[in-house]
Structures are given as structure tokens and as C-alpha cells.
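In the order they appear, the protein sequences are chains E and Y.
Residues in the first sequence are numbered consecutively from 7, following the working numbering.
Residues in the second sequence are numbered consecutively from 2, following the working numbering.
Just so you know, the hints here were simulated from the structure itself, not pulled from any lab data.
Among these hints, one or two may not hold up.
[Stated by the list, open to error] Far from chain Y, some chain E residues (derived; all Cβ distances over 10 Å):
no.	residue
1	Thr9
2	Asp34
3	Thr95
4	Phe182
5	Pro188
6	Glu204
7	Pro206
8	Ala223
9	Gly247
10	Asp288
11	Val320
12	Ala327
13	Arg350
14	Glu400
15	Tyr451
[What the hints assert, rightly or not] With a straight-line cut-off of 25 Å between C-alpha atoms, the simulated DMTMM-like cross-links for lysine to aspartate or glutamate are:
no.	chain 1	residue 1	chain 2	residue 2
16	E	Lys405	E	Asp391
17	E	Lys163	Y	Asp59
18	E	Lys316	Y	Glu42
19	E	Lys364	Y	Asp43
20	E	Lys464	Y	Glu176
21	E	Lys407	E	Asp69
22	E	Lys407	Y	Glu42
23	E	Lys364	Y	Glu50
24	E	Lys464	Y	Asp186
Using N, Cα and C, we set each Cβ at its ideal position, and we do this for glycine too.
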Amino acid sequence: MATYSPWLAESWKFSKDHKSLTFLLRNDVTWHDGVRFSAYDVEFAAPLYKEPSIASSVVRWQDHITNVVALDSFRVRFDFDAVYPYQFTDANVAKPLPRHILEGLTPEEIRDSPFHRSPIGTGPFQFDSWTAQQSIVLTAYEEYFEGRPHLDRVVFKIVPDRVNLLTQLRTGEIDFYPKLPPHALQELEENDALEVIEVPSRVYYYLGWQNDFPLFADRKVRRALTMAIDRETIVSTLLYGKGGVIHGPILPFLWAYTSDVPTIPYNQDEAKRLFAETGWVDSDGDGWLDKDGEKFEFTMKTNENNDLRKDVVVIVQEMLAKVGVKLHPETVEWTVFAEQVRGRQFEASCYGWSQGVKVDLTSIWHSRSIESSYNMVSYRNDDVDRLIDQAVLELDRGKAKRLWAETQRVIAGDVPYTFLFYLDDLYAIDKRFENVNIITYAWHYNLHQWYVPPGKRKY
Amino acid sequence: MIAYLIRRLLGAIPLLFGISTLIFFVVHLAPGDPTSLYFSEDSDPEIAELMRHNFGLDRPLPEQYGIWIFRFFRGEFGWSYGHHRPVADVLREAVPNTLLLSSVALVLIFVLGVATGMLSAVKHHSTLDKIITLVTFFFYSMPGFWFALMLLLLFSYQLGWFPSSHMRSMEFIYEGLTPLGRLADRLHHIALPAIALGLGSYATVARYTRASMLEVIRSDYVRTARAKGLPERTVLFRHALRNALLPVITLLGLHIPFLISGAVLIETIFGWPGMGRVIVTGIFQRDYPLIMASTFLAASMVVAGNLLADIAYGFVDPRIRHAGEEER
Chain E
7 MATYSPWLAE SWKFSKDHKS LTFLLRNDVT WHDGVRFSAY DVEFAAPLYK EPSIASSVVR
67 WQDHITNVVA LDSFRVRFDF DAVYPYQFTD ANVAKPLPRH ILEGLTPEEI RDSPFHRSPI
127 GTGPFQFDSW TAQQSIVLTA YEEYFEGRPH LDRVVFKIVP DRVNLLTQLR TGEIDFYPKL
187 PPHALQELEE NDALEVIEVP SRVYYYLGWQ NDFPLFADRK VRRALTMAID RETIVSTLLY
247 GKGGVIHGPI LPFLWAYTSD VPTIPYNQDE AKRLFAETGW VDSDGDGWLD KDGEKFEFTM
307 KTNENNDLRK DVVVIVQEML AKVGVKLHPE TVEWTVFAEQ VRGRQFEASC YGWSQGVKVD
367 LTSIWHSRSI ESSYNMVSYR NDDVDRLIDQ AVLELDRGKA KRLWAETQRV IAGDVPYTFL
427 FYLDDLYAID KRFENVNIIT YAWHYNLHQW YVPPGKRKY
Chain Y
2 MIAYLIRRLL GAIPLLFGIS TLIFFVVHLA PGDPTSLYFS EDSDPEIAEL MRHNFGLDRP
62 LPEQYGIWIF RFFRGEFGWS YGHHRPVADV LREAVPNTLL LSSVALVLIF VLGVATGMLS
122 AVKHHSTLDK IITLVTFFFY SMPGFWFALM LLLLFSYQLG WFPSSHMRSM EFIYEGLTPL
182 GRLADRLHHI ALPAIALGLG SYATVARYTR ASMLEVIRSD YVRTARAKGL PERTVLFRHA
242 LRNALLPVIT LLGLHIPFLI SGAVLIETIF GWPGMGRVIV TGIFQRDYPL IMASTFLAAS
302 MVVAGNLLAD IAYGFVDPRI RHAGEEER
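Using the sequences and the hints given, assemble the complete structure.
If you want it as C-alpha cells, here you go:
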């Protein structure tokens, strides 16, 4: 878990039974319209995150929060109906809203309110303007409680075309380009005005084998397929080395990660041997494996709007062909892909997950998530179910870490996915900016400390 | 003429209604899920279900159609799933931007196209004609998006003469400009996208004008006009051009819908905030209300464009005006 440091809250404390959490808020914080921020704003906003008509993306995170009450202007208490490790995180995702503006409206009215096109907050930068498809402008908030930020203004320029974006980076029309495509790196290295910052991202890519599809039902087959794929080469060619091969379902930067999982090294001869063990051999000499007169062939789906995934599928197709496995690539438009993959209508898929702040393998690996959530490869393992159910409730960090490590080992050993790689995020920024500290979760987390020395100022 | 107009306008109503109904069922029955925006590990699939319910997508299709018709006749375009605000607001912002870009492009296309075409026809077989022919064929055969990228790389990146994107400079710069400075700033920004957008059609118009002008110049009445001793200027502009413009007007009519529907590639390359991007993103997101509203607009423009072209024929060619009256 990420660690938390005081910001809007000065301090906090759990009750003895760990079922309520009281925050003491700073008393010198104001909303951008000058009105004082108080515990009533927290109390006002919290229930909205549970509203079905609003359908907040964190609605499930509010399940165990039964009540949020302001004890006085600067103290607010969250009550829970269960004790579990992520109570603190869940209490923190419900961002406060300005009660003095939205009070008296129904949840639907709040949801559809023009407030969201010109919002106010309590942070270092305040909303200035939003021109659709063009730009969003923030300006420094003079009264920010930790002192006015150094930058006067932050402009988010919306540029839909990548070639154009790179052009603007080179001509200095923009100063900062988050999520730079790796192929642009080489060119930018010659540019003295720019610096590139690399941070591991939360995203990993995988090949999902439909475990219910007869061809992939056998773990040995999935293992052989994985063995035939040279993931190091994929990382060095497609990602230009900006990323790393992974072997399990939790990314290295998370606290629950373990490197102690069964790894599957690239070895095409060994892969062929494994295929032969399961009865797949090239008996008619046509170059493709077969068994009982059937060829080893299948379709791999991925989504149209992701070039990297399409490239991965093509490389994998080539690598598998070398061991006699025939892959038919199929790219599908995003909305259709999401619908089909959710409905488990695929044989194999190439996709990626962005790992959340909470370590929880339930939605992807628990067998009950086959019907209700994102276990789209129909992975079933009672041990994994049991381990996950225990781990999500384990309060002791050390014990939880051991449970998650065991879960990762079992999953990696079962090869329901071929885990491919995590990606590094590349951020190009003009060198005149100082104090830039970019972390995995948010590039902007210390934006209020970014600084341009007087001699180098441009605007 | 007025009765003819009214008849045409009334005839357009069932046509537009039919088109909209057809599109409604096509987009709703097409595979793809508007809530796929919520397909992420961080967001429980239940949220997608909630959104579907909130959008009314869990109701039977005929019921959804009924609701849509009812709202449509009250002039409500509905709520955009992707933009999270009324579709009307989205269109109100995007349509003027597209209108601006495409009308500038349209002027370039037709004024320059007709001028070059005429020049080329009048100087038939000269070196100038050959150069024009070569250049127009070059533009005509070039894919628009490629040309746009070349403009971008040459004039923005290499030479730095023009900004790479957007309709104007960033607010904080733009607001400090004089009115004249603002106009210059906008022209500076519109130049590349308008040229990129117009060039292919410009070449087409130039070719059409040239061909049709050549035909007219050789006709008897032009020879007669010349024989009468009329100045060449009068012959060309009063007598020849008017007739030569007929096919060009058809082209113009066909271009009217493009005034509103925008051009997604050019808009994307130059970051122009127009309808093309709105429509295409809407389609990719299965933003049904937005697709419905923008296709309705586009269909109306097609109908309007055809109507305008027919009226314009009447002005240029009395024979057509007569035919219209006789029909009545």
C-alpha cells in the first residue's frame, strides 16, 4: 500500500474496534471561491459516491462504509461495518465536494450539473477555462494552504494527432509530453532542450488463453505456448527496452509483489517437446502441429485502437509458427472487443491491465469473477479462491504479503495467461523546469513545486 | 418557384425521418457497447450495468425508439454518454468551428478552382495550361492526410512559419491581442488546415471548370459572340462562364454537407475542434444520442445541399427554371 501523508487532514485515528476512522482536518483550507473548507463538505459528498444514479467508479469501494458524519467543523468520522486492510484507502477515494454550491440538489442534478465543466477544489491550481477539444487551463490559486504554487498557469493542450504532438514538442509549442511513444526516444535524444523521465507504469500486457476452450484446457499446452514466445525480444524491439518481462499477476512496484514465482524461460525445443507430450506433433509434415487429424490453430483477438497490441500479436504469430502453431490474428474495434471479451467470446486474446492502488486479485483471478467480473479466461483454482479470500481480509501486512506471494506462485504455475511485460511511462519535459518529481501513480503529484528559474522563463 | 420550394421541403421531412429511424436501428443493433468506457480493472463491471440502466439501455429496443422519437419531436437531442453533457451543447460548440474551417476551404476551392480552370481553358495547350494540369493532377491524386502531414512538417516544424494546431493561440496570449491581432492570429491558425482540407477538391473543381469551359468556348454561340465583335472579356465572363459553371454548381451542392460534417483526418492532424472528431469519437464510443443527432444534421445538410444546387441551376440556366415552372 502506498503510504499516506497529511494534506487536507492533519491527522487521523481508528477507534479501538477499528470500525470507525476519525480525521482531523486542517482549519486553514479554502475552496477556490474563498469559502472555508470544512468537515461538512466531506459529510456532504460521501453518500453521493454510493448513489447508483451517479454510478461513481469507486461505488464498490464504499460498500463497507455505513456512515460519514461531521462531528464539528473540522472533525469527520467514517463508520465501517467490517474490518479489512483497505479501510483507509476506501475512506480516501471519496473526494469532498463544495456543499455550499451543490447543496439542495438531487443526486441526478448533481451528476448532470454544469459545475463539473467549471469545478472548484482546494488544490494549488484552480480551474480557469475549458474549451472543448482545445484546452483546459488552470491558474495558480493564491490562497493555497501550502503556499502559492510557482507556476502561474498550467495549460492542458488537446492535440489528437501524435505526429503533431511530437512536432509541437520539438518546436517548443508544448513543454511536457506524458506517455511518449518509445519509438520517439531516439530522435529526442539529440534535442538538448528536452529531458526524458522514465517511470514504471501500472500497466502490464498479457496473452489470455480461454481456459474453457478445449485447445487450451491443458496447463501443459499453455506452458508450451508461453515457452515458445521470446518475451525479452518483444520488450527490446517493440518497447525499445522501456519495460520488463513479468511472470506473475502483481507488478514489481507493489508491496505484495514476489519475484519467487515459477518462471517459464524461452525455449522453443523444450516447447516442442511439451507439445509432443500432450499429443501435438507434426505427423503429416506440413509444418503445423496436429492431433487426431486436427491442426493446432486458433484465433487471437485484440483491439483495433492499440498499435502496440497489434504488433505484439504479429510477433507472437511469427514465434508460434516456428513451433508449428498457427495463430490467426483478429483485430476488433474497441467497443466490440470489450463486449466480446467480457462475454468470454474468444479463444485467445491480447490485452492489458492497469493495476490499481489496492492489491486485490479477486476481480481477475477468483472463480466467482468468471460470471461477474474480469476473470474472462475462465480460470478456476480452489486454492487461489481460498488464498484470495483470506488475503483480502488479512490485517497483518506480513501475513498478507505471504498469502499474496503464494497466490502469485499458484497462478504463475497454472499459466492461465502468458504474462508478457510491464511498460515504462516516458515523460518528455523541457529542461527549464526544476523540481519535477514524477511517480508511478501520478505525474502531477508535486506540480505545485515545479519551478522555472527567472532567467529561463518563457511566458 | 416558392411552391416548388415548399414541395421539396415537405418531401424532405419523411425522408429525414426515415433516415433517422434507419440509423437508430443500425447503430443500436450494431455490435459494441457504449459502457465499454468502464471496462477497467479499477472499475467493477456492476458500474457498467448501472450506467446502462441510467442511460436507459436496459429497456427493450422499441421502447428506446419510442422515447427517442418523443424527445426528438420536442427538439431534444439527449444526453451524450461520452461527453457527459447535452448533445446540443456539444454540437453548438463544434458546428461553428467546422463551419468556419470548411467555408474558408470552400471559398478556396471554388474561387481558386474556377479561376485556375478558366485560365487553363483560355490558354489551352499553352505551357501554362500544361503546368496547371500537372499541378492539379498532382494535388488531385495526393491523399489528403499525407499532404496535411507534409504541410505540418514543412511549415510548422522545419520552417516554423505556422502554428501546428488549434484555432488560435492559447487564451492567455490571445486575450492580450488587439482585434486586428486576433484576426491575424486566427488566419495564421486556419491557413494550414484550410489548405490541406481544400486542396484535393480544388484540383477537382479546376479540372471540371477547365473541361466544361473548353466545351463551351467551342460552341456556336460563343463563336457568334466573338463574331459580333464583343470584347473577349465579355465573351468569357458573360457568355461562356455562366454556362460552364453548371457542372461546378452540382459539385458545390455536393460539398454543402461537408460544411457541417467536417473532416476527421484534417481535424485530427491539426487539432481543429470540429464535427469530424466529434462524430468519429462518438461512433467509436457508441455514443448513440450523439451519433443520432450528428447524422441527422448531416442528412439535413445533404438534402439542403441538393436543394440549393437545384435553385442555383435555375439562376444560371433559364431552361431549368422554366422546366420547374412548367411542372407546376
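Hint check results:
Non-interface call for E:Thr9 relative to chain Y: holds, since the shortest CB-CB distance, roughly 20 Å, exceeds 10 Å. No Cβ of chain Y comes within 10 Å of the Cβ of E:Asp34; the nearest lies about 29 Å off, and the non-interface call holds. At roughly 12 Å from the closest C-beta of chain Y, the C-beta of E:Thr95 stays outside 10 Å, upholding its exclusion from the interface. Distance check for E:Phe182 against chain Y: the nearest CB is about 14 Å away, which clears 10 Å, and the non-interface claim stands.
Every beta carbon of chain Y lies more than 10 Å from that of E:Pro188, the smallest distance being close to 21 Å; the non-interface claim holds. E:Glu204, annotated as away from the interface, keeps every beta carbon of chain Y farther than 10 Å; the closest lies near 23 Å. Distance check for E:Pro206 against chain Y: the nearest CB is about 17 Å away, which clears 10 Å, and the non-interface claim stands. Consistency note on E:Ala223: stated as away from chain Y, and its beta-carbon is indeed over 10 Å from all of that chain's, at 25 Å minimum.
The beta carbon of E:Gly247 is kept farther than 10 Å from every beta carbon of chain Y, the shortest such distance being approximately 26 Å. Distance check for E:Asp288 against chain Y: the nearest CB is about 37 Å away, which clears 10 Å, and the non-interface claim stands. Separation of E:Val320 from chain Y is adequate, the least Cβ-Cβ distance of about 23 Å exceeding the 10 Å criterion. With a least beta-carbon separation of about 30 Å from chain Y, E:Ala327 lies farther than 10 Å from that chain, consistent with its non-interface assignment.
The claim that E:Arg350 lies off the interface holds: its Cβ sits roughly 12 Å from the closest Cβ of chain Y, which is beyond the 10 Å cut-off. Distance check for E:Glu400 against chain Y: the nearest CB is about 21 Å away, which clears 10 Å, and the non-interface claim stands. Distance to chain Y confirms E:Tyr451 as a non-interface residue, since its nearest Cβ pair spans about 18 Å, more than 10 Å. A hinted pair counts as satisfied when its Cα atoms are at most 25 Å apart, and E:Lys405 with E:Asp391 qualifies at roughly 17 Å.
As the CA atoms of E:Lys163 and Y:Asp59 are separated by approximately 37 Å, the hinted pair breaks the 25 Å bound. Of the supplied pair hints, the one linking E:Lys316 and Y:Glu42 holds, its CA atoms being roughly 21 Å apart against a limit of 25 Å. Our distance criterion of 25 Å between C-alpha atoms is met by E:Lys364 and Y:Asp43, whose separation comes to about 9 Å. The hinted pair formed by E:Lys464 and Y:Glu176 meets the criterion: a straight-line CA distance of about 17 Å does not exceed 25 Å.
Distance restraint check for E:Lys407 and E:Asp69: the Cα-Cα separation of roughly 24 Å lies within the 25 Å cut-off, and the hinted pair is therefore satisfied. Restraint check for E:Lys407 and Y:Glu42: the C-alpha separation of about 21 Å stays at or below 25 Å, so the hint holds. Taking the CA atoms of E:Lys364 and Y:Glu50, the gap is near 23 Å; set against the 25 Å cutoff, the hint holds. For the given pair, E:Lys464 sits about 19 Å from Y:Asp186 by alpha-carbon distance, which is consistent with the 25 Å threshold.
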